[in-house]
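If you read the protein sequences in the order shown, they are chains A and B. Under our numbering, residues 3 to 197 are what the first sequence spells out, in order. Under our numbering, residues 3 to 197 are what the second sequence spells out, in order.
To be clear, the hints were calculated from the coordinates, so they are not data collected in a lab. Owing to the predicted nature of the structure, the values given are computational and were not obtained by experimental measurement. Honestly, I wouldn't trust all of these hints.
[Unchecked claim] Straight line, CA to CA, 20 Å or less: simulated SDA-like cross-link-like pairs of lysine to any residue:
hint: 1; chain 1: B; residue 1: Lys-143; chain 2: A; residue 2: Gly-59
hint: 2; chain 1: B; residue 1: Lys-143; chain 2: A; residue 2: Asn-35
hint: 3; chain 1: A; residue 1: Lys-143; chain 2: B; residue 2: Val-183
hint: 4; chain 1: B; residue 1: Lys-53; chain 2: A; residue 2: Ser-121
hint: 5; chain 1: B; residue 1: Lys-53; chain 2: A; residue 2: Glu-123
hint: 6; chain 1: B; residue 1: Lys-143; chain 2: A; residue 2: Gly-57
hint: 7; chain 1: B; residue 1: Lys-143; chain 2: A; residue 2: Val-183
hint: 8; chain 1: A; residue 1: Lys-143; chain 2: B; residue 2: Leu-132
hint: 9; chain 1: A; residue 1: Lys-143; chain 2: B; residue 2: Gly-59
hint: 10; chain 1: B; residue 1: Lys-53; chain 2: A; residue 2: Asn-125
hint: 11; chain 1: A; residue 1: Lys-114; chain 2: B; residue 2: Gln-41
hint: 12; chain 1: A; residue 1: Lys-114; chain 2: B; residue 2: Leu-80
hint: 13; chain 1: A; residue 1: Lys-53; chain 2: B; residue 2: Ser-72
hint: 14; chain 1: A; residue 1: Lys-16; chain 2: B; residue 2: Leu-132
hint: 15; chain 1: A; residue 1: Lys-114; chain 2: A; residue 2: Asp-44
hint: 16; chain 1: A; residue 1: Lys-53; chain 2: B; residue 2: Leu-80
hint: 17; chain 1: A; residue 1: Lys-143; chain 2: B; residue 2: Gly-117
hint: 18; chain 1: A; residue 1: Lys-114; chain 2: A; residue 2: Gln-158
hint: 19; chain 1: B; residue 1: Lys-53; chain 2: A; residue 2: Leu-80
hint: 20; chain 1: B; residue 1: Lys-143; chain 2: A; residue 2: Pro-29
hint: 21; chain 1: B; residue 1: Lys-143; chain 2: B; residue 2: Thr-179
hint: 22; chain 1: A; residue 1: Lys-16; chain 2: B; residue 2: Glu-77
hint: 23; chain 1: B; residue 1: Lys-16; chain 2: A; residue 2: Thr-82
hint: 24; chain 1: B; residue 1: Lys-143; chain 2: A; residue 2: Glu-61
hint: 25; chain 1: B; residue 1: Lys-143; chain 2: A; residue 2: Ser-186
hint: 26; chain 1: B; residue 1: Lys-114; chain 2: B; residue 2: Arg-139
hint: 27; chain 1: A; residue 1: Lys-16; chain 2: B; residue 2: Val-78
hint: 28; chain 1: A; residue 1: Lys-16; chain 2: A; residue 2: Gln-28
hint: 29; chain 1: B; residue 1: Lys-114; chain 2: B; residue 2: Leu-155
hint: 30; chain 1: A; residue 1: Lys-143; chain 2: B; residue 2: Leu-155
hint: 31; chain 1: A; residue 1: Lys-16; chain 2: B; residue 2: Thr-82
hint: 32; chain 1: B; residue 1: Lys-143; chain 2: A; residue 2: Arg-37
hint: 33; chain 1: A; residue 1: Lys-53; chain 2: B; residue 2: His-146
hint: 34; chain 1: B; residue 1: Lys-114; chain 2: A; residue 2: Asp-44
hint: 35; chain 1: A; residue 1: Lys-53; chain 2: B; residue 2: Val-78
hint: 36; chain 1: B; residue 1: Lys-143; chain 2: A; residue 2: Thr-178
hint: 37; chain 1: B; residue 1: Lys-114; chain 2: A; residue 2: Leu-132
Number of protein chains: 2
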Amino acid sequence: MEKTTSVINGVNLKRLSDIITLIYAQPELAHFNFRLSNQWVDGGYNQSVIKDFYGAGGEDTTRETPFIVSNDEPEVLLGTDLSPNPLEFLLHALAGCITTSMVYHAAAHGYKIDGIKTSLEGNLDLKGFLGLDGDIRPGFKEIHIRIDLDGDLTDQQKEEIVQFGSSFSPVFDMVTTGVPVRLSMNKKTSPAEAA
Amino acid sequence: MEKTTSVINGVNLKRLSDIITLIYAQPELAHFNFRLSNQWVDGGYNQSVIKDFYGAGGEDTTRETPFIVSNDEPEVLLGTDLSPNPLEFLLHALAGCITTSMVYHAAAHGYKIDGIKTSLEGNLDLKGFLGLDGDIRPGFKEIHIRIDLDGDLTDQQKEEIVQFGSSFSPVFDMVTTGVPVRLSMNKKTSPAEAA
Chain A
3 MEKTTSVING VNLKRLSDII TLIYAQPELA HFNFRLSNQW VDGGYNQSVI
53 KDFYGAGGED TTRETPFIVS NDEPEVLLGT DLSPNPLEFL LHALAGCITT
103 SMVYHAAAHG YKIDGIKTSL EGNLDLKGFL GLDGDIRPGF KEIHIRIDLD
153 GDLTDQQKEE IVQFGSSFSP VFDMVTTGVP VRLSMNKKTS PAEAA
Chain B
3 MEKTTSVING VNLKRLSDII TLIYAQPELA HFNFRLSNQW VDGGYNQSVI
53 KDFYGAGGED TTRETPFIVS NDEPEVLLGT DLSPNPLEFL LHALAGCITT
103 SMVYHAAAHG YKIDGIKTSL EGNLDLKGFL GLDGDIRPGF KEIHIRIDLD
153 GDLTDQQKEE IVQFGSSFSP VFDMVTTGVP VRLSMNKKTS PAEAA
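Make the full structure from the sequences, and use the hints.
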């Protein structure tokens, strides 16, 4: 008579519950360190190598091959348009993080979602980047996220799910609130290392 | 006898100068709008479609095919690890934006760069995302960026170039300072639209 719905929204609830139990017992398992290295190629084109990370108590080296992701700029911004630009990647990170936060937390609450589509846009005044006006910030003035949420859910449940996104998404948190960023330069680079 | 060094660091200085002249004459040309739509697939997997944007006085539709970029989560975070996760994409956006900002502004100052490598990392306590401790933020506690800059440049010039990155990078600006984000839900989604 036991009904097992162990996977909701593609999230394995047994494994999610195991993670939470483990972290309660050993809070240090919650420490994660994500990282990458990026290499400039030419003009607005550069490439990131993304592979290992630290989490759940140790180095995670399960990725056999690294992810290689590029940035470029469109022609009007003097690039060769081989990839999205960093601002578009910021929106991509934000869209994905909001979505995953909604999906995982909805699963934990037993809310089954049938579809999520998000549309994001950001407005920017290029005078900030160009340094033509010190009163204009280089970044987006604001970002607008529109969410289409589909499922057999009440409006109140949908609002609750959207709030999971804004409350628990790491990227949403950082983009809205800001993060301390430490910038350091290695002055002793040999040409061989940088190549 | 005229010496033409019209391209430095892959940046066409004539075109950069034209952009600045145009924006001084018509400041509205500096308005850019970047955007994307993202669709949830399953669990921690979702996909962004990136194509047109607004800039330089009109819709830019020069990209013939859209860029399709995915987010996923590694197995330890209950995903299928088909793509970097949103936190890694945030670091990718930040790395690329700092680099391009250094490259373009260095070019404008006549500083020739031979190589840039950046390494980024962010530390995160998963208890924030999981909602296990309201005092812990979901996002990175801090981000560390290390820059290796190579070229026939004095230490002072290298420091100046790094400062171009932190002063003019749109993503650096947003990640350090935060941006107003407006979140709205379309409650009237029909299943056909969300599919």
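These are the hints, each one checked on the structure:
1. For the suggested pair B:Lys-143 and A:Gly-59, the alpha carbons sit about 18 Å apart, so the restraint of at most 20 Å is met.
2. For the hint linking B:Lys-143 to A:Asn-35, the alpha-carbon distance of about 10 Å falls within 20 Å, and the restraint holds.
3. Distance check on the hinted pair: A:Lys-143 and B:Val-183 sit about 9 Å apart at the alpha-carbon level, within 20 Å; holds.
4. Restraint check: the Cα-Cα separation between B:Lys-53 and A:Ser-121 comes to about 12 Å, which is no more than 20 Å; the hinted pair holds.
5. Restraint check for B:Lys-53 and A:Glu-123: satisfied, since their Cα atoms lie roughly 12 Å apart, inside the 20 Å limit.
6. This hinted pair checks out: B:Lys-143 and A:Gly-57 have alpha carbons roughly 15 Å apart, not beyond 20 Å.
7. Of the pairs offered as hints, the one joining B:Lys-143 and A:Val-183 holds, with about 9 Å between alpha carbons and a cut-off of 20 Å not exceeded.
8. Proposed proximity of A:Lys-143 and B:Leu-132 is contradicted: the alpha carbons are some 30 Å apart, above 20 Å.
9. The straight-line distance between the Cα atoms of A:Lys-143 and B:Gly-59 is roughly 18 Å, inside the 20 Å bound, and the hint therefore holds.
10. Using a Cα cut-off of 20 Å, the hinted pair B:Lys-53 and A:Asn-125 holds, with the two alpha carbons roughly 16 Å apart.
11. As the CA atoms of A:Lys-114 and B:Gln-41 are separated by approximately 16 Å, the hinted pair is consistent with the 20 Å bound.
12. Among the hinted pairs, A:Lys-114 with B:Leu-80 is consistent with the structure: their alpha-carbon atoms are about 17 Å apart, no more than 20 Å.
13. Taken as a hint, the A:Lys-53 and B:Ser-72 pair is honoured in the structure, with Cα atoms around 16 Å apart against an allowance of 20 Å.
14. Note on A:Lys-16 and B:Leu-132: the hinted pairing holds, with a Cα-Cα distance of about 15 Å set against a maximum of 20 Å.
15. Using a Cα cut-off of 20 Å, the hinted pair A:Lys-114 and A:Asp-44 is violated, with the two alpha carbons roughly 46 Å apart.
16. Between the alpha carbons of A:Lys-53 and B:Leu-80 the distance comes to roughly 17 Å, so the proposed pair stays at or under 20 Å and holds.
17. Pair hint A:Lys-143 plus B:Gly-117 does not hold up; C-alpha atoms about 31 Å apart against a cutoff of 20 Å.
18. Of the supplied pair hints, the one linking A:Lys-114 and A:Gln-158 holds, its CA atoms being roughly 14 Å apart against a limit of 20 Å.
19. With a C-alpha separation of about 17 Å, the suggested pair B:Lys-53 and A:Leu-80 falls inside the 20 Å cut-off, and the hint holds.
20. With a C-alpha separation of about 16 Å, the suggested pair B:Lys-143 and A:Pro-29 falls inside the 20 Å cut-off, and the hint holds.
21. Taking the CA atoms of B:Lys-143 and B:Thr-179, the gap is near 14 Å; set against the 20 Å cutoff, the hint holds.
22. At roughly 14 Å between alpha-carbon atoms, A:Lys-16 and B:Glu-77 fall within 20 Å of each other, so this suggested pair holds.
23. Of the pairs offered as hints, the one joining B:Lys-16 and A:Thr-82 holds, with about 16 Å between alpha carbons and a cut-off of 20 Å not exceeded.
24. Restraint check: the Cα-Cα separation between B:Lys-143 and A:Glu-61 comes to about 19 Å, which is no more than 20 Å; the hinted pair holds.
25. Between the alpha carbons of B:Lys-143 and A:Ser-186 the distance comes to roughly 17 Å, so the proposed pair stays at or under 20 Å and holds.
26. Taken as a hint, the B:Lys-114 and B:Arg-139 pair is broken in the structure, with Cα atoms around 41 Å apart against an allowance of 20 Å.
27. Restraint check: the Cα-Cα separation between A:Lys-16 and B:Val-78 comes to about 13 Å, which is no more than 20 Å; the hinted pair holds.
28. The suggested pairing of A:Lys-16 with A:Gln-28 holds, with an alpha-carbon distance near 18 Å, which does not exceed 20 Å.
29. Annotation: proposed proximity of B:Lys-114 to B:Leu-155 holds, straight-line Cα distance about 8 Å (limit 20 Å).
30. Of the supplied pair hints, the one linking A:Lys-143 and B:Leu-155 is violated, its CA atoms being roughly 34 Å apart against a limit of 20 Å.
31. Of the supplied pair hints, the one linking A:Lys-16 and B:Thr-82 holds, its CA atoms being roughly 16 Å apart against a limit of 20 Å.
32. Pair hint B:Lys-143 plus A:Arg-37 holds up; C-alpha atoms about 14 Å apart against a cutoff of 20 Å.
33. A C-alpha spacing of about 17 Å is found between A:Lys-53 and B:His-146, which places the hinted pair at or below 20 Å, so the restraint holds.
34. The suggested pairing of B:Lys-114 with A:Asp-44 holds, with an alpha-carbon distance near 12 Å, which does not exceed 20 Å.
35. With a CA separation close to 14 Å, the supplied pair A:Lys-53 and B:Val-78 stays within the 20 Å bound.
36. Between B:Lys-143 and A:Thr-178 the alpha-carbon distance is near 14 Å, which keeps this suggested pair within the 20 Å criterion.
37. Note on B:Lys-114 and A:Leu-132: the hinted pairing holds, with a Cα-Cα distance of about 18 Å set against a maximum of 20 Å.
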